[in-house]
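Chemist: This is what each chain is made of:
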Amino acid sequence: MHSTRRSVSLIAGTVLLGLLAVLIAGAHWISPYDPVQQHAAERLEKPSAQHPFGTDRFGRDLLARTLHGGQITLLSAMAALSGALAIGLAVGLAAGMFHNSLLDRLFMRMIDVLLAFPFMVLAMVVAALFGTSLFHLLLAVIAVGWVTFARLARSVVLQARNETSFAAARVLGASNRTLILRELAPKALSPVLILATFELGSLILSIAALSFLGLGAQPPTPEWGSMLADGREYVLQSPHIMFGPALFIMLSVLAFNLIGEGLRDRLDPYEKPQL
Amino acid sequence: MAACSSNTGAPAADTDNAQAQEQAEELVIADQQIAASLDPVEPLTTSYLVSVGAAETLFKVNADGEVDAALAASARELDPNRWEITLREEARFWSGKAIDADAVIASLERSRELDLQAQPFLDGLRLEKSDDYTIHVHTERSHVPVPLNLSYYQTAIHNAEAEHDAVESMDLTGMYQVIEFVPKQKMVLAAYEDYWGTKPTIERILHEEISDEQTRMLSVLSGRSHIALKVPVTSLAQFQDSDTAEVVASQAANTQTIYFNLARPQLADERVRQALSWAIDREELIILAAEGQSVPVTTWLGSNPAYAEASDSVYPSFSNETAEQLLDEAGWQLADDGIRYKDGLPLSVRLMTWGGDKALGEALQSQWSRVGINAEVRHGDYSLIQTARETGDWDASIEAWSTFGDPYTLLSGQYAPGSSANYGGYDDAQTNEWLAQLAESADPAEQREWALKINERVAQQAPVISLFPRPQLTAVSTKLQGFEQHFRQFENIVKANMRWEAE
Amino acid sequence: MIVAVLLRKLMEALLTLICATVILFMLIRLAPGDPAVLLLGQPSEVAAMHTEVYEQKAAELREQWGLDQPMAIQYVSWLGRLVQLDLGTSLHTGRAVSAELAERLPATLQLTAAALAVQLLLGFWLGIVSALKAGTFSDQLIRLACVTLASTPAFVTGLCALLLFAVTLGAYEISSEASWSRLWLPALTMGLASMPQFARMVRANMLAELGQTYVLAALSRGLARRRVIGQASRNALLPLVTVTALSAATFASGAVVIESLFAWPGIGKYALDSILRKDYPVIQGYAFVMVTLVILIHLCVDVLYAYIDPRLQRKRRQVTRGVNEHA
Chain A
43 MHSTRRSVSL
53 IAGTVLLGLL
63 AVLIAGAHWI
73 SPYDPVQQHA
83 AERLEKPSAQ
93 HPFGTDRFGR
103 DLLARTLHGG
113 QITLLSAMAA
123 LSGALAIGLA
133 VGLAAGMFHN
143 SLLDRLFMRM
153 IDVLLAFPFM
163 VLAMVVAALF
173 GTSLFHLLLA
183 VIAVGWVTFA
193 RLARSVVLQA
203 RNETSFAAAR
213 VLGASNRTLI
223 LRELAPKALS
233 PVLILATFEL
243 GSLILSIAAL
253 SFLGLGAQPP
263 TPEWGSMLAD
273 GREYVLQSPH
283 IMFGPALFIM
293 LSVLAFNLIG
303 EGLRDRLDPY
313 EKPQL
Chain B
1072 MAACSSNTGA
1082 PAADTDNAQA
1092 QEQAEELVIA
1102 DQQIAASLDP
1112 VEPLTTSYLV
1122 SVGAAETLFK
1132 VNADGEVDAA
1142 LAASARELDP
1152 NRWEITLREE
1162 ARFWSGKAID
1172 ADAVIASLER
1182 SRELDLQAQP
1192 FLDGLRLEKS
1202 DDYTIHVHTE
1212 RSHVPVPLNL
1222 SYYQTAIHNA
1232 EAEHDAVESM
1242 DLTGMYQVIE
1252 FVPKQKMVLA
1262 AYEDYWGTKP
1272 TIERILHEEI
1282 SDEQTRMLSV
1292 LSGRSHIALK
1302 VPVTSLAQFQ
1312 DSDTAEVVAS
1322 QAANTQTIYF
1332 NLARPQLADE
1342 RVRQALSWAI
1352 DREELIILAA
1362 EGQSVPVTTW
1372 LGSNPAYAEA
1382 SDSVYPSFSN
1392 ETAEQLLDEA
1402 GWQLADDGIR
1412 YKDGLPLSVR
1422 LMTWGGDKAL
1432 GEALQSQWSR
1442 VGINAEVRHG
1452 DYSLIQTARE
1462 TGDWDASIEA
1472 WSTFGDPYTL
1482 LSGQYAPGSS
1492 ANYGGYDDAQ
1502 TNEWLAQLAE
1512 SADPAEQREW
1522 ALKINERVAQ
1532 QAPVISLFPR
1542 PQLTAVSTKL
1552 QGFEQHFRQF
1562 ENIVKANMRW
1572 EAE
Chain C
190 MIVAVLLRKL
200 MEALLTLICA
210 TVILFMLIRL
220 APGDPAVLLL
230 GQPSEVAAMH
240 TEVYEQKAAE
250 LREQWGLDQP
260 MAIQYVSWLG
270 RLVQLDLGTS
280 LHTGRAVSAE
290 LAERLPATLQ
300 LTAAALAVQL
310 LLGFWLGIVS
320 ALKAGTFSDQ
330 LIRLACVTLA
340 STPAFVTGLC
350 ALLLFAVTLG
360 AYEISSEASW
370 SRLWLPALTM
380 GLASMPQFAR
390 MVRANMLAEL
400 GQTYVLAALS
410 RGLARRRVIG
420 QASRNALLPL
430 VTVTALSAAT
440 FASGAVVIES
450 LFAWPGIGKY
460 ALDSILRKDY
470 PVIQGYAFVM
480 VTLVILIHLC
490 VDVLYAYIDP
500 RLQRKRRQVT
510 RGVNEHA
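Read top to bottom, the protein sequences are chains A, B and C. Its first residue numbered 43, the first sequence is counted upward by one per residue in our numbering. Its first residue numbered 1072, the second sequence is counted upward by one per residue in our numbering. Its first residue numbered 190, the third sequence is counted upward by one per residue in our numbering.
The shape of chain A in the complex, shown without the other chains (with noise of 0.2 Å):
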């Protein structure tokens, strides 16, 4: 009983996610509309059969629009996401492993510190010494985004470090790099792609935020972020600009959720959020 349970969330997700993958992947079948091409004729039109998810503002196709953004949102979220993964696991690690060390407590320092910063500030400020484009938006988010993974795990390493098979291992005398690699990496990974899937959701809705700061995909690239700020003056009387990103951000979002929570169920015991 508990165990079928237990596998629904991860199914579930998973099919979700095949089908806004296969939806996305094939927009040029899905919708013959170019998303690109403006229409002044057709504009803010609510959706019909000829433009199931209607037109913006330019006359363009939304859903044309939505699946064709999908697939620069989600590959810019995955790209930011793996890197602050790798990131804050490297650290985490490092930290965790040479624990109340110099390099414990700088890796700390930086983690509070990054913490502390408003992060629009550092958005901005980004956005303004560097540039707006998709890559700077992806920047910015990984420079704050590892620090959720590093405490993770870092605590997880901390706790593992009492464990029996780490204490036997170094009694055998394992290098410090086996011991990372063998016996730490491995416990620090499950709780962190778990926690990875959770925060996808959160990294689409930042970059949906930083969109209206200009960051981002630049016109006339249809991204869901900038779909939803383009869709902001309109919101009172088309609200229906914001229906295809908004959709499609939801069930992404409710789709690795349900993968993070199948996942949990399956393979970690580490279940209470740590600091």
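Just so you have them, the derived chain A footprint on chain C, three or more residues with Cβ under 8 Å:
| id | region |
| --- | --- |
| 1 | 211-219 |
| 2 | 324-336 |
| 3 | 340-348 |
| 4 | 483-491 |
Beyond 10 Å from chain A on every Cβ pair, some chain C residues (computed):
| id | residue |
| --- | --- |
| 5 | Gly255 |
| 6 | Arg371 |
| 7 | Leu408 |
Hints in this document: simulated from the structure, not taken from any laboratory. Beta carbons: idealized from backbone N, C-alpha and C, even for Gly.
Given the coordinates of chain A, assemble chains B and C onto it according to the supplied hints.
Modeler: Same frame as chain A, but now just chains B and C:
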């Protein structure tokens, strides 16, 4: 605040009526920004003080574009380089001090010294006291329209001896006196009893800052505010069925213009720039970017009603064929990917936009792509554009400057080499010569001819492309009578004869 | 013992503060945009012919503000004034930064506290309910609601709320005041926006706690379900204190969107405007205050946790022992 929340029953009728009375008497104006300080020489201050009737200029431009006497009683031209201004003997500062020649000259000199924005209007003017209430203005150039110069808000008259750092110490001349000021939040004004002119009907004004444009618009729709400035074009539909408020769209005298960096290789060729102008369907742009709330203008001065004939000259219609022909002539060949190339390089233009111009940029990008131009839109903060201009790393940007005023000042500010609006480095011998002629011209009719000539030549050479005037929308409560449309709406909000609709 | 720990943490906090301010100082100054030019040269309506005057004035301003000196010297002089609790004067309004921040901070704290209350109440309630009914339809429904809320941008909720309550119903006043009567809508919007994340954590913690042996043991021995769940809740929710404290810190610094939307005169919107205008002293002052706040909160939480946790462990052992002995 406790009084407001006591809407729960008890002495209902009386307090409700009294509250309604009280509330109806205070005029609430919601603006994107309010005065940043109380000192007229500080940036971002005077225009707001003038708009709510706290500060006044010697002269004022009315809705028809004519210059009327305001704080000054009259003005006349004594000779080509001298004007005489007569002041009102009955007018007083809020502190009671007389607004005599000494005070006015002190005020204008203080503005000249401390306020950089006043420079274009006071430059070349020498002020001299003739007697207690008369001033002689000596001008370097001939036939300078002095009253027009002294109608700009930057020349508002204030007491140069007062401190202007607090509500108690500030000293201005307007029909409304500031009684409370919370920076970046609100300013409360009350009618000034000893005002020299028509005393206002409405007793109190609350000028508050609601920087989000949609929230501002909603505040008028909800009935809480009575006037909301700079309402976004995209919210027009909200007002269609509303009984509480309506939108006033006043035609503005400014031109949204694309400025080109003439140092760029692809933009150095005049034919390319002309092609860029021919390829723009201004009607479509207005629909896409301004919800149809404007009219096309093909030359810069065309948005000024006095030069209306120039509004569709040089590029009378949109023509992709002409654009393509020009580009072919210039050597840019269309390739299979839909972009034009020359010597292996694509014809690309990086268009930088800021503020609310992102949609405009995107629409332009689409229109230019139809003739094979690869346009990139870079939307961001204005400081990015400023930095790009300093380093020279830019292709095009969009801005809107006012087209109302003295033709020589306007045109030289735009097209004379080294002027602050001449971003692209335009330096044309013929235009410079004509500007000099315009400067020396005595006759207003002749001035107008020179202006039109310069305007046309610049449009033909296309260092800039004019698009359309930026729409200015104001939402006004239906309860309010007497709101006047003005092409310079931002400094003309409050009028003495504004009153509430009789119940 | 505690004193030594406290001292060490204090030192670390100070170090973090210095690092953060140095980084911020540098970043802001490296960003393009000249505050002098921005202050003077906003596109006015009429362009001037003689730009030399502008440039000269801009140079004068820069000198007056000390911006022409090397960054290290600027930082040191700022630090020097900071020690005397002088945060400098705003380049934009000329008023003392500390005064301007002090004017606006209460409004943000007000909003933050109210939003936090909404987040906690709703989050706890929904999280516990969905944990208790894990796997059922209600659980899925709550999850769906949370994901939908989390995917909705704050401005959508905000603008729709304003349209409904201010325009249609006339129950909310749109103005620039930070009054108690205007607090509920922005607080609700902000609380709703951050609630889903919190509810999910509550649910996860509760589930983990409910899975512990002592709970099963207590229930099997016939203890009142309500009492056991009550105890489990208390145990599960303690780690969330940290999360709550941290989110309080981010709230205060990040309420920009909500403050703009509801014209709430707080510190977030003020900071955003200052960033756009490159008003360095204000940005530095704001960042300093925020960073200090966050570090203080972290410090308190760290100390609190170190103090409470061993006690809690002991207490839990007592409870389980008590529960087992009861049978």
